[in-house]
Amino acid sequence: MFWQQVVNAIWLGAVYSLFSLGYTLVFGVLGILNLAHPSLYMWGAFIGLMCVNAGLPLWLALPLAMIFSGLMGVLLDRIAFKTLRDRNAPHLATLISSIGASIFLISAAQGVFSAQVSRFPFGVFPVKVFTLGPVTITLLQISILAISLAIMLFLRWLLMGTKLGQATRAVAFNPVTAARLGIPVDRVIMQTFFLAGALAGAAGVLLGLAFNAISPFMGGPMNLKGLTVIVLGGLGNIEGAVLGGFILSFSEVMSVAYLSSDLRDAVSFVLLLIILLFRPNGLLGRSSAKRA
Amino acid sequence: MLRLKNITRQFGGLAAISQVSFSVNAGQVTGLIGPNGAGKTTLLNLISGLDQPTSGEIHFLERPIHHLPPHKINQLGIARTYQNIRLFAEMSVLENIIVGMHTQGRAGLLSAALMLPAYRAEERRLREDAARLIERLGLQAFANAPADALSYGDQRRVEIARALATHPTLLLLDEPTAGMNAAETARLGDLILSLRAERLTVLVIEHDMTFIAQVCDRVVVLNFGEVIAQGAVDVVRANPLVIDAYLGAEENSHA
Amino acid sequence: MTVFTQFWSTYGSVVQFALINMLLGISIYFTLYTGLLSLANAGFMAVGAYVSAILTIHAGTPLPISLLAGAFSAGFIGWLLGLPVLRLRDVYLAIATLGFGEIVRITAVNFDKFSGLTLLGGAQGLDGIPKLTTPAGLIFSLILLSFFLIQFHRSRAGRALAAIRRDENVAATMGIDVAGYKLLAFVLGAFVAGLAGGFSAHLTRFVGPNDFTFSAAVNILAFAVLGGTAHWAGPLLGAAILTVLPEALRFMGEYRGIVNGLILVLVILYLPRGLFNPKWLTRRKEAGHAQA
Ligand SMILES: Nc1ncnc2c1ncn2[C@@H]1O[C@H](COP(=O)(O)OP(=O)(O)OP(=O)(O)O)[C@@H](O)[C@H]1O
Ligand SMILES: [Mg+2]
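If you read the protein sequences in the order shown, they are chains G, R and A.
According to the working numbering, the stretch in the first sequence is residues 1 to 292, in order.
According to the working numbering, the stretch in the second sequence is residues 1001 to 1255, in order.
According to the working numbering, the stretch in the third sequence is residues 2001 to 2292, in order.
Honestly, I wouldn't trust all of these hints.
What the hints assert, rightly or not - Stretch by stretch, here's where chain R covers chain A in the computed footprint (C-beta under 8 Å, at least three residues):
#1 2067 to 2079
#2 2261 to 2268
As the list claims (entries may be wrong) - Straight-line C-alpha distance at most 20 Å; calculated EDC-like pairs for lysine to aspartate or glutamate:
#3 R:Lys-1072 x R:Glu-1062
#4 A:Lys-2279 x R:Asp-1051
#5 R:Lys-1072 x A:Glu-2168
#6 A:Lys-2279 x R:Asp-1148
#7 G:Lys-163 x G:Asp-186
#8 A:Lys-2113 x A:Asp-2127
#9 R:Lys-1005 x R:Asp-1148
#10 G:Lys-82 x G:Glu-239
#11 R:Lys-1072 x R:Glu-1128
#12 R:Lys-1072 x A:Asp-2127
#13 R:Lys-1005 x R:Glu-1062
#14 A:Lys-2279 x R:Glu-1062
#15 R:Lys-1072 x R:Glu-1057
#16 R:Lys-1072 x R:Glu-1090
#17 R:Lys-1005 x R:Glu-1090
#18 A:Lys-2131 x A:Asp-2211
#19 A:Lys-2113 x G:Asp-262
#20 R:Lys-1072 x A:Asp-2177
#21 A:Lys-2113 x G:Asp-265
The hints are simulated quantities; they were obtained by calculation from the structure and are not laboratory data.
Built from N, CA and C at the ideal position, the CB exists for glycine as well.
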C-alpha cells in the first residue's frame, strides 16, 4: 500500500515538476508570473490529441504539441508582455495582462475544440501493467516518468551547459547589464518563452494521457498546483520547482491514501499558505518576497 | 538628542556606512557633509527608518529606534525631506501639507462618513494650521496648485512644509538648497535659523559650504561611509583630511 | 409604462446583476487603489453569501440583518487573512489570495461532511434561498456606499490611502501607519464583497462552492481594470459594461469569453488607466487652478 503510493507520487511529481519548470523559468528570467502558463498546458494537450486523431503516432504528436505550445508562448510574450516590458509597467499590469491572455486562450479553446471533455482514442498507448511485489505500475506511467525526466535533464543541460543557458542566466540576473555585455536580450526572452511553453505542452500531453481527460478548463486546477509548486521551491528557482513538484505530489497522494480524498486539494493550499507566510522565498529561495 | 553608535550598513559586499558614531545636540543645527556617494542619504534613510542598519544602534531621546518602522519614528518626532523631491505629485500643495498633518488628526472613519461636527472642526483646524505653514514658507501663491507644477526651489520648500506639518522635534533635510538660486538659498538659511530659534533641532545634508557656514553650529564629515571629522565649521574646514577628501573627489570627477 | 415593464421583464435580472457587480467593483477598488493586487474578493463574496443565506433560511432573519451579518463575517475573515498576508509583495500576495479563494471553496464543499451538520450543502450548494433582493435595495446600498466613498476620500483615512497609493515610503515617514491602512482597505473591500455575496445569494436563490473560484475573482478584477482605479466611479463603469456586454455579444456563442480576455489585455496595453478619467469630474476645479 505505502510503496504503491510512493510509485504514484513519483510519476505524478515528475509531471508536476515539468509543468512548473516553465512557470518558474519565466519568473526567474523576467520576473513575470505568467498566469496564462496553464492555458499553454491545455493547448498542448489538445494539439497532442488532434495529432493523434489525425493518425500521427504518439512519439510524433508529443514533440509537435511541444513546438506548437512553445510558439504560442512566444506569441503570448510578443502580444501580452513585450509592450508592458518596454514601458516598464508595474507588476500588476503584467499579471493582469496574463490573466486576460489566459481567459482568451481558454475561451478560444472552447470555441475551437469543445467545452466537453475529450479523450484519446482507446489503445493509443499499449495497456501493459507490471507487478513488482505489492506494487503495480503501468507502461504509460513508466513512460511518463522517463520522458519527464529526460526533458528535465535536457533542460538542465541547456541552462547549465550551453551558451544559450549562460545568456539566459545573465538576463535573469540583470537584463540591462546583459544587454551591455552584448547578449541579445530579446532573443533570450523569446527562447525562454518557447522553452516554457514547450514544457507546459509536454506536461499537457502527458497528463492528458495519464488521466485521459482533456478540456479547456483543465488548466484551472493545474494552475493552483503549479503555483504551490513554484512557491514551495521559491519563485524563479529551477531546482526548487523540481523539489516542489515532488513535495506536492507526495502530500497529495499520501493525504488521499491516509486521510481523505476530500482533503487532497486542501492539503496543497494549506501547504501553499504556510510556505507563503513562513518561508515566502521558498524552501530553497533567496530573493526577498516581503515588502521592502 | 540623536545618538548614532557604530552604525554599519552593507549593500552586498559594499559598506555604504561603516562604524559611524556621532550625536546631534538638541537645539542645534548640525551639518552632514561629504563628497558624492559618501553615504549621507543612506544615513538619513537609516535614521528615518526607511532602511535598517546591518549593525549598530540609533537612539533618539534616549530610546533605541533602529528597529522601529518609519511611521513610529516619525511619531516620536523625526521628520525628513528627500534629495530627489518626493511630493505627492497630483495633489495640491495644501493637500500635501495636510497629509503631513496625519498624526494631528483624530477623526475616525465614522465621524467623517457622518460629517459629525467634531470631524468638521478638526478639518477646519488642520486647514488653518496648513495655511499658517504655507504662509511661513512663502508658498501662498501656489497653495492650490498641483505640487509638480512648481519650480524646483518651491517644491523643496513644500517638502519642508510637509515635514514641519508632522510637528517634528528633529528635522532631517537632504540637500534642501539643490536647485535653488542664491536668493532662495539665503531665505532658506534664514528660515532654518528661525526654526532653531524655536528650539527645533536640524540635521542638514548640504554641499554649499557658504550655506553650511551660515546655518550650522557643528558639522560631521563623511567620506566613504566613515566619519573623518566633526566639530565647529571653521575647525573642520581647516582639517587636512577633509580638504583631501574634497580635493580627491574633485580630481576624480575631473578625471 | 408598458415599454418599461417589457424591458424589465427581459433585462431586469441583468440590471440587478449589474448592480451586484458594481458592488464587487467597489470592493476590489479599495485594494487596487491602495496598490494591492488581491484576488480574494470572490472568496469574501462566498463568505457573505453563505452566512447571509444560512441566517435567512435557518433563523428567518430579515434581509438587512442577513446581509450585514454576511458583510461583517467577510470583513472579519478579511482581517484574519490580511494580518499575515499583507506583508507579502505583489505577486506573492496575488498567489496567497488565490489560495484563500480555493480554501473557501474546499471548506464549503467539505464543511457538512466533517462537521456532521447540514448547513452549506456540500458540493451541491445551498438552494431554496428566499428571493429577497430587490432593485431598490441594491440601488440604496450603492448610493449609500458612493456617499461613504466620497466622504472617505475627504477623511484622514482617505488622505492616508491616497498618500500610500502614490509613495508608501514617504507616507510612512509622514507618520502614516502603512500596514494598518492597507489592512483597513483590505477589510473594507472584504466587507463590501460580503455584502455583494449576500445580495447575490438572495437574488439567484442559490449559493454553490463553484461560483466563487478563480474565474469569478478574475471577473471582479476585470471590472476595475476596465474602468480604472484612480476613482471609485471607474470600477462601477467597468462592472456595468462587463455585465451588459455578454448580453450584447450573445451572437458570438462559444467565443464570447474571448472578448473578455481581449478587453483585459487591450485595456492594460493601450489604456493602462482604464476607461474612466477622473478629470471628467474635476474640470471646473482645474480651470480655477489656472487662474490662481
Ligand atoms: N539601495 C542600495 N543598494 C546598493 N547600494 C546603495 C544603495 N543605496 C546607496 N547605495 C550606495 O551607497 C553609497 C552611498 O550612497 P548615498 O546615496 O548615501 O550617498 P550620498 O552621500 O547621499 O551621495 P550624494 O551626495 O550623491 O547624494 C553609494 O556608493 C551608493 O551607490
Ligand atoms: Mg544623497
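Which hint numbers does the structure go against, in order from smallest to largest? 1, 2, 4, 9, 10, 11, 12, 14, 16, 17
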